[in-house]
Structure formats: C-alpha cells, structure tokens
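Number of protein chains: 2
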Amino acid sequence: MQYSPLITELIAALTHLPGVGKKSAQRMAFHLLERNRDGAMQLSNVLHNAMEHVKHCQSCRTFTESSLCDICNDPMREEAGQLCIVESPQDVIAVEQTLEFKGRYFVLMGHLSPIDGIGPNEIGLDELEGLLTSGKFKEVILATNPTVEGEATAHYIAQMCKTLQISASRLAHGMPVGGELEYVDGNTLMHAFTGRRAI
Amino acid sequence: MQYSPLITELIAALTHLPGVGKKSAQRMAFHLLERNRDGAMQLSNVLHNAMEHVKHCQSCRTFTESSLCDICNDPMREEAGQLCIVESPQDVIAVEQTLEFKGRYFVLMGHLSPIDGIGPNEIGLDELEGLLTSGKFKEVILATNPTVEGEATAHYIAQMCKTLQISASRLAHGMPVGGELEYVDGNTLMHAFTGRRAI
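For the protein sequence lines, the chains are A and B, in the order given.
At position 51 of the first sequence (counting the first as 1) the number is 102 in this note's numbering, and the numbers step up by one without a gap.
At position 28 of the second sequence (counting the first as 1) the number is 79 in this note's numbering, and the numbers step up by one without a gap.
Watch out, some of these pointers could steer you wrong.
30 Å max Cα-Cα, derived BS3-like pairs, lysine-lysine [to be verified]:
1) B/LYS106 to A/LYS74
2) B/LYS187 to B/LYS106
3) A/LYS74 to B/LYS153
4) A/LYS74 to B/LYS74
Hints were generated in silico from the structure; no laboratory data involved.
Given the sequences, and given the hints that come with them, work out the whole structure.
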C-alpha cells in the first residue's frame, strides 16, 4: 500500500530540498495538504518565478533578477576603489551588516577545488581579471573562508593582484570578540599571536 | 542591505514548510538556485498539481486525486465488513503495513477537540453515521491515537456504534513488542495489567 501517485510524487519532489529526507518530506506534504494549501500554491509560484528569473549579476556574479545588482548599480560604491572578494551571496550580506565596507564585491560562487573539477574559470577568475585590469580598483580585500580551499583561493587571487600591481589584503585571523582564550582552538590562537598588534 | 526582492520572496515562501525557519529557508533557497534548479522547477510543478487535484476520498475522507481511493474502490475490502477508524492518512499506511487488516477505513482527519472548535461535524462523524447505517459494516475498529483527544473521540464513536447496534472494539494498549518492562511508563504498564490474557 502506497499513497496516491500524486502524493508520492509530491513527497519525492520535496526531498530535493537540502536536509529533507523521506520522513520530513511526508510530514511537509501532509501539512501543506491539510493546513496550508494557499501557502503551498504561493511557494509553487515563487519557486517557478525565482528559478526562471534569478540570474547572476553581470559585474559581481551574485544572484539577482536584474542585469546588475543594487550594489554594482550604485556609483558611490565604485568611488571607494575597493573590491571585496567573497565565496557566496550570503557572505555579501554578512559583510554588509558590519557597515564597515563601502566598496564593491566580487562573488566567486565557490572556491578553488581541483579535486571536484573547480578551477579558476569555474569561479569566474577570468571575469575578475577583466574587472581588475579596468583600473577602477586600488585595493582588493580577500574575504574567502578561513578553510584550506578558501586560503588556497585567496593565495591564487593574491598572486594575480601582484602581477597586476594591485594591493591585496586578507581579513585578519584571531580571537573572536567576546570569546574566551581557554576555548579558542590552537590554530586560531597561533594566528592571533602571529598577527598581534602594538597598542 | 537585503537580498534581491525575488530571493527575499522565495525565502519567505519556503518558511511555509513546517519546521523551516528563516535560516533554513535561506539555505534551501541558495541550494536550489546554485545546484538544483531542475529539482526546484519540478517541485514547483508537483506542488501546483497536488494542491489543485488532491481532494478527499468521497467514502473514507483520505487524500486522493480520484473520487474514491484505491482501498474504497476495491470490492474485496468491503466484503470483510470491517471498518477501521483512524485519525490521519499516515495512519492508514501504518495499519496497511501490518498486513493484518483487510477491511475498509474511515479517516477522521483530526480528532475531537472542542477547545480548538473541532466538533463531530469537523471530523466527518455525520458522514461516518451515513456509512454505518448503510449496513455494509458489522464491526468498527477504533484505531485513534492513545492520547486524551484520541480516547475521547473513540469513546464518542463507540457510543454512536452502540446506538446503531454495531459492535465496536478499540486497539489493545500494552507493552510494545521488544520493549523492556523497566522502561515502560506506568500508565502503559497499568493498561497491560488490566488487559492481561490467559495463556
């Protein structure tokens, strides 16, 4: 005995969502059918629209439904002459929330990972080179994640900047604010010592 | 700084799913946009179809896209003369998996809960009465959940059966098979004593 074909299909389709297995999908399907058909219809429409219209910004590669995202469209952002390089659109929001950075972004949509077949062209480093040779930017800030792949990517882009004679910097590693020394891992503590500043 | 309007809308729509908050919705939206646009399109179509076509079975009230579900359509099922009353379509599948029951079902789609405004008509007890007076069923098996509301619902339906002179039984309460006496809760153990059988 199985559910009716359409319900079985709905449960299978819901497992396309990350972190949703068969049991959760079943719970979601019945919740929507019993209690929130309007919400489900809305989700169906928005999913369709988003998958059809959301593309990459032509300049910074973040997700947007316009040809240029809001930040790339803002002339004030270009004046700063700074380019922050991040791995994902979520990272742009995280940096924006600091209110510290007033320049533009370049979103790699991933990181170098030769083992998965992700080389410089897959993360748009050819487009980045074009952007850097335009002469609009005086400084590149490398804000890739502090992981092995993120560090390798940052290193690769730093070399590129050196060739193009643009100064590049990397976000500081060290103690998180509000953290306790006792609970900071050894690697981070080592970086915090190496990067110590005179006060 | 926010995501583009369409992405913000997508994140909001994904929170219609049960157990999905803002952070998970964000992760889902970016996963679909980056890695599974085909899956998202399929989900959008299936959601639309299911919400439009899945209705209640005219006889047993379970979810189905036909006017009668597979079980109600099967004449062999009616011959058994037994009607099993459950709270949800998921319960039908659970009972079917035992391969023990060969009769038909009636799905309440909930339980009596006066405090939430759910009375006999909301759980289809008028339809159930029509079904029972048809003379097709000789026995009613009450398989509502062993919760306060489930017990109250079973009691209400048992009274209805008494008036209509149809025998009604309730699923046995007792020790779960493979369980250990030490870890069974007192209430269940009490029921297991009361319901003890000669061997």
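Checked hints:
Distance check on the hinted pair: B/LYS106 and A/LYS74 sit about 22 Å apart at the alpha-carbon level, within 30 Å; holds. With a C-alpha separation of about 24 Å, the suggested pair B/LYS187 and B/LYS106 falls inside the 30 Å cut-off, and the hint holds. Taking the CA atoms of A/LYS74 and B/LYS153, the gap is about 26 Å. The hint holds against a cut of 30 Å. Of the supplied pair hints, the one linking A/LYS74 and B/LYS74 holds, its CA atoms being roughly 21 Å apart against a limit of 30 Å.
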